[in-house]
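Place chain S on chain R using the hints.
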Amino acid sequence: MTRIEDPRKDLRQLGDQVVKDLQAEKNPDIQLPVRALSNTFFDEKHRLIKLGDKLSHRTYLNIAHTRKFMQTLMVAAECKKLLEQKQNTTTSIRDLYYILKRTIPGTDENTFEEQEESDPVIEDIEAAMNTLREDLHLHAEQKGSLVGPLVVREPKFETESDASKLGSSGYGIPSICEPDTVQFVSNEAEFVLVVEKDAVWQRLNEDRFWKKHKCLVITGKGQPDRGTRRMINRLHNELKLPIYVVTDADVWGYYIYSVIKQGSINLSFVSDRLGTPDARFLGLVTKDVEAFDIPKNVTIKLNEGDKKRAAELLNYVWFKPKPWQDEIQHMLKVGYKLELESLSAKDIRFISEKYLPKKIKDEDFLP
Amino acid sequence: MDAQPVTKTAEQMAGQARVISVSEFFEKNRHLLGYDNKIKALLIIVKEAVDNALDATEEARILPEIYLKVEELEKEKYKIIIRDNGPGIVKQQIPKIFGTLLYGSKFHRLKQSRGQQGLGISCAVLYSQLTTGEPAEILSSTGGGKVHRYKLKIDVKQNEPEIIEESETASKTDWHGVQITFICEGIYREHKQSILEYVKQTAIANPYCSITFDSPSGKMVFKRAVDHLPKEPKEIQPHIEGVEVGILSRMLGDTSARTLASFFTTEFTRIGKTTAADICQKAGLDPKTAPRRVTDQDIVKIVKAVKEVKLTKPPTDVLSPLGDELVEKGLKKELSPEFVTSITRPPAVYRGWPFQVEVGLAFGGGITEPAIMRFANRVPLLYQQGDCAITKSITGVDWRRYGIESDKLPTGPISIFVHICSVWVPFTSESKEAVASYPVILKETKLGLQEAARKLSLYLSGKRRAEYQAERMRIFDRYAGETAKALEELTGEKAEGIVKMIRKIVSHAKPEDFGEEPPEQAKGAKKPAEDKHDEN
Numbered sequence: 000m001t002r003i004e005d006p007r008k009d010l011r012q013l014g015d016q017v018v019k020d021l022q023a024e025k026n027p028d029i030q031l032p033v034r035a036l037s038n039t040f041f042d043e044k045h046r047l048i049k050l051g052d053k054l055s056h057r058t059y060l061n062i063a064h065t066r067k068f069m070q071t072l073m074v075a076a077e078c079k080k081l082l083e084q085k086q087n088t089t090t091s092i093r094d095l096y097y098i099l100k101r102t103i104p105g106t107d108e109n110t111f112e113e114q115e116e117s118d119p120v121i122e123d124i125e126a127a128m129n130t131l132r133e134d135l136h137l138h139a140e141q142k143g144s145l146v147g148p149l150v151v152r153e154p155k156f157e158t159e160s161d162a163s164k165l166g167s168s169g170y171g172i173p174s175i176c177e178p179d180t181v182q183f184v185s186n187e188a189e190f191v192l193v194v195e196k197d198a199v200w201q202r203l204n205e206d207r208f209w210k211k212h213k214c215l216v217i218t219g220k221g222q223p224d225r226g227t228r229r230m231i232n233r234l235h236n237e238l239k240l241p242i243y244v245v246t247d248a249d250v251w252g253y254y255i256y257s258v259i260k261q262g263s264i265n266l267s268f269v270s271d272r273l274g275t276p277d278a279r280f281l282g283l284v285t286k287d288v289e290a291f292d293i294p295k296n297v298t299i300k301l302n303e304g305d306k307k308r309a310a311e312l313l314n315y316v317w318f319k320p321k322p323w324q325d326e327i328q329h330m331l332k333v334g335y336k337l338e339l340e341s342l343s344a345k346d347i348r349f350i351s352e353k354y355l356p357k358k359i360k361d362e363d364f365l366p
Numbered sequence: 000m001d002a003q004p005v006t007k008t009a010e011q012m013a014g015q016a017r018v019i020s021v022s023e024f025f026e027k028n029r030h031l032l033g034y035d036n037k038i039k040a041l042l043i044i045v046k047e048a049v050d051n052a053l054d055a056t057e058e059a060r061i062l063p064e065i066y067l068k069v070e071e072l073e074k075e076k077y078k079i080i081i082r083d084n085g086p087g088i089v090k091q092q093i094p095k096i097f098g099t100l101l102y103g104s105k106f107h108r109l110k111q112s113r114g115q116q117g118l119g120i121s122c123a124v125l126y127s128q129l130t131t132g133e134p135a136e137i138l139s140s141t142g143g144g145k146v147h148r149y150k151l152k153i154d155v156k157q158n159e160p161e162i163i164e165e166s167e168t169a170s171k172t173d174w175h176g177v178q179i180t181f182i183c184e185g186i187y188r189e190h191k192q193s194i195l196e197y198v199k200q201t202a203i204a205n206p207y208c209s210i211t212f213d214s215p216s217g218k219m220v221f222k223r224a225v226d227h228l229p230k231e232p233k234e235i236q237p238h239i240e241g242v243e244v245g246i247l248s249r250m251l252g253d254t255s256a257r258t259l260a261s262f263f264t265t266e267f268t269r270i271g272k273t274t275a276a277d278i279c280q281k282a283g284l285d286p287k288t289a290p291r292r293v294t295d296q297d298i299v300k301i302v303k304a305v306k307e308v309k310l311t312k313p314p315t316d317v318l319s320p321l322g323d324e325l326v327e328k329g330l331k332k333e334l335s336p337e338f339v340t341s342i343t344r345p346p347a348v349y350r351g352w353p354f355q356v357e358v359g360l361a362f363g364g365g366i367t368e369p370a371i372m373r374f375a376n377r378v379p380l381l382y383q384q385g386d387c388a389i390t391k392s393i394t395g396v397d398w399r400r401y402g403i404e405s406d407k408l409p410t411g412p413i414s415i416f417v418h419i420c421s422v423w424v425p426f427t428s429e430s431k432e433a434v435a436s437y438p439v440i441l442k443e444t445k446l447g448l449q450e451a452a453r454k455l456s457l458y459l460s461g462k463r464r465a466e467y468q469a470e471r472m473r474i475f476d477r478y479a480g481e482t483a484k485a486l487e488e489l490t491g492e493k494a495e496g497i498v499k500m501i502r503k504i505v506s507h508a509k510p511e512d513f514g515e516e517p518p519e520q521a522k523g524a525k526k527p528a529e530d531k532h533d534e535n
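Read top to bottom, the protein sequences are chains R and S.
Mapping the first sequence onto numbering that gives the first Met the number 0, position 287 (from 1) lands on 286, and the numbers just tick up by one.
Mapping the second sequence onto numbering that gives the first Met the number 0, position 284 (from 1) lands on 283, and the numbers just tick up by one.
Calculated directly from the structure, the hints in this document are not laboratory data.
One or more of the hints may lead you astray.
Claimed, not checked - Under the rule of at most 25 Å between Cα atoms (straight-line distance), these lysine-lysine pairs were calculated in the PhoX-like manner:
| id | chain 1 | residue 1 | chain 2 | residue 2 |
| --- | --- | --- | --- | --- |
| 1 | S | Lys493 | R | Lys25 |
| 2 | S | Lys499 | R | Lys67 |
| 3 | S | Lys484 | R | Lys100 |
Stated by the list, open to error - Simulated coverage check for chain R against chain S, where a stretch passes if three residues somewhere in it have a Cβ under 8 Å from a Cβ of chain S:
| id | segment |
| --- | --- |
| 4 | 12–24 |
| 5 | 49–62 |
| 6 | 66–80 |
| 7 | 105–116 |
Positions of the beta carbon are idealized from the N, C-alpha and C atoms, including for glycine.
Bound-form chain R, shown alone (with noise of 0.2 Å):
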């Protein structure tokens, strides 16, 4: 996908197809790429999940259409009003939200009820117009920290960060994470650790972890944002690093695997910026309860969902390879799940000294 930095033509054109329709006589039609499961694919040569060429139609005359018909539009307007702004003014999608949210005449009725409706019409646009969130600079939740040896610079703010001297809260990942916002000084660190949870982020930062192995440590705080899978996608691909992923031995956290790696169906559209194909699963899997003799009073059993979703994962494309399949099935057959904090039970600095060494030396990954 060519990126294109000013989509400001582009926005034109949506309102001038619009207006022409109108002239027309026409019952206007808004084409924009369908973003599910049903036009994504799995592009094994990038190994990364992409949009297909499927157009919906959103039409004014459509009573289920009319609504969102103008949500699009306003949105688009919106945007298009934000780039004529000051270049480094940025506006966060909540900002956007307050902005196009009022009462329509004569109603009850709100332009937009909920964040959660401006959101999806954002992502439309940014499918649509060929453009990303961040060069319409909109902004969401700093939300990923890393610790370790990386200095970085914002040159807006005109900051260097070394992220291995921030103490506890580590470098905030910003949402916007792009090479004109954020930019690599130096790096002393050979990998990087993803981890799932917060909490796991804090025991391998108090232990100094990424001091002793010479990595960085980032955790997205469950499904990682924007900004942070694409801080992880530029250390791969400008620092070269490996990148290594721990979650919690569950479907979610296969998932959340899965979308730092080849990217997810909503945001098909911008994987090859988001999904890093070279990661690599270090853990936790359900084998470790034998391979590091976890205690099973630890293990969780497996809920009708957790069962449902294995059945789901197990049908898609970037979850077929042998090693994937086995596992699933594996934790299938045990019935349990495991957490990362349920390592604990054997020592609390079990995971930072003795879990994961074992692992990274043995190169005991799934890919």
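For chain S alone, coordinates are given in the frame of chain R:
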């Protein structure tokens, strides 16, 4: 073992038996005529008097004006006055009509009318007398300035009038008609089965009638909606199909015909010489037999033979249905509905009696809850709804097919009006509260209801489509302003112009553009719903 002493002999017991008068019978069994409780008693008295007043005025072809007053004298004691503008009653007949049970002009004739047995009004007199000891007061004038006044009771043992007072006065007005005053026990209420409801329904089914009701809670006037009476019903001879052994026996005794064949052709409707000869032949009787010589065994043979002979149906033009105009005007004036429709079924025959069903459906507007209004010969039926053929027919209709919410009976804002008229309405009891469920009556009523429901359903689906369309238009219009503003920002085109263009495409929009199926017409509206009728 001790033998039980014999206390009475058969002879002694026979000595105790005696004829009881019909009045004595009523004294003990007043519930049979509906006087089961004090609330209902007041209603029945009003009903009997009003029914008589309407029968009399209509028969005299006078537009009815009825004055009704119910006044509480003391706790559970009421004075009821009913005055009409009918032809009045000739002096000699007054005591017999009001003071004798089962004295009447209507029992032996076959003509559509409200009263049938000659029991109702004298029972009202008897009930008053039994509960308060007070006589009924009757004023009657046949016009010409003279008013006859009677105060009378009923001699229960003899079933004869007992005149308490009698006088004649000159009237200052040219009033003619009858006024009756009762003083009786009762309780006045204004609930579903009340005098008020009876008056209201009477006003609906008799929209050419004007009723003033001076009730304990105030004076109400039910104005007439039309100034003409329905056509007059005709009197007919009985149809032989419905005649049973006993009646035949009596008729044979009463006839002036000389031969059996001429008895059939003169005493019954629609029997010609051929049919008469046919009956005689099938019964194995000589057509020349003198009617008085026909034996009981012969009568049984005749009844059997009648069933084998092909009979012409009775004439049906003798009935007087209200007709669509009156049904609809009556419903409109009292209920102010949003929509009203009606169906008059062609006449049909049960057991040899012609009858006819009319259905009216009134929907929405002033109507807020479902109601069933049953009428027999224009008289509202307020009690025993569950036992009535009309109710059974209503529950037999699948209302939902017609887009009308229902749980057996409709549940929406709909009033169902059903009128059955006949020369002889088959009631389930003497209190005339429910129509008997003859299969053909059930069938005709159900067909009428279905036809009317189809018309209502067409109206409702049209309305739903219009509402649906209007709602769509409102939605499209609602989002036009913001859409136009956004387009102005994107393209520089002026928002006002864009709003106009949006309104234009919206106004030309067709339902197929809306992206969803418009509501279907109710299925029943598309194809006739002649579903199999349950014959039981």
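**Request:** Please name the hints from earlier in the document that this structure breaks, with their numbers sorted from lowest to highest.
**Result:** The structure breaks none of the hints.
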